[in-house]
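S.K.: Working from the sequences, and respecting the hints, build out all of it.
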Amino acid sequence: MANIIHINDFSDPALDVYVRLTGAQLRNKLEPEKGIFIAESPTVIEVAMQGGCEPVSILTDERLLGGAVEKIIEKCADIPVYAASRELLTQMTGFELTRGALCAMRRPALPTVEDLLAGARRVAVLEGVTDSTNIGALFRSAAALGVDAVLVTP
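Quick note on the numbering used here: the sequence shown kicks off at 7 and runs consecutively.
Check before you lean on any hint, since a few could be wrong.
[Stated by the list, open to error] Label pairs and their calculated CB-CB ranges: (1) Thr136 <-> Glu80: 33 to 43 Å; (2) Glu46 <-> Ser17: 40 to 50 Å; (3) Glu133 <-> Gly72: 42 to 52 Å.
Don't read these hints as lab results, they were simulated from the structure.
Idealized CB from N, CA, C, for every residue including glycine.
M.R.: Here it is, written out as structure tokens:
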């Protein structure tokens, strides 16, 4: 059964991951195995789960509890699901959360370089990327160019 928690403000420390931690803090360079990221939208959350990412908690527009987010909640019923009004979510983000759902997810264990390159014909190496917001565009470009594997330096 889902652990749905209706919220009226963001003072609960359990919500830090959504409102008070920076991207760098979420990545956790000192302990990368504990690093998490935020997936936005039911579709992205589903794809991340299929890719081996483990949901930690969900923050969603309460109107989606019986709709687009319901399937995700059923698959991970043991995690907290924080539900808020659209107005409160807009106050948190500063803009309307159009996809209506955020999910804090644990990063999966990284494969070894050997495993990643096994059978790869075309490889992209991303060296010294300093702005992580560019990574998504780089991966989408690599996919469009038929790249089989992407290596990112620390």
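S.K.: Each hint: holds or not?
M.R.: Checked hints:
1. Thr136 <-> Glu80: 33 to 43 Å: Given about 40 Å between the Cβ atoms, the range holds.
2. Glu46 <-> Ser17: 40 to 50 Å: violated, 23 Å
3. Glu133 <-> Gly72: 42 to 52 Å: holds, 46 Å
Taken one by one, the earlier hints fail for this structure only at number 2.
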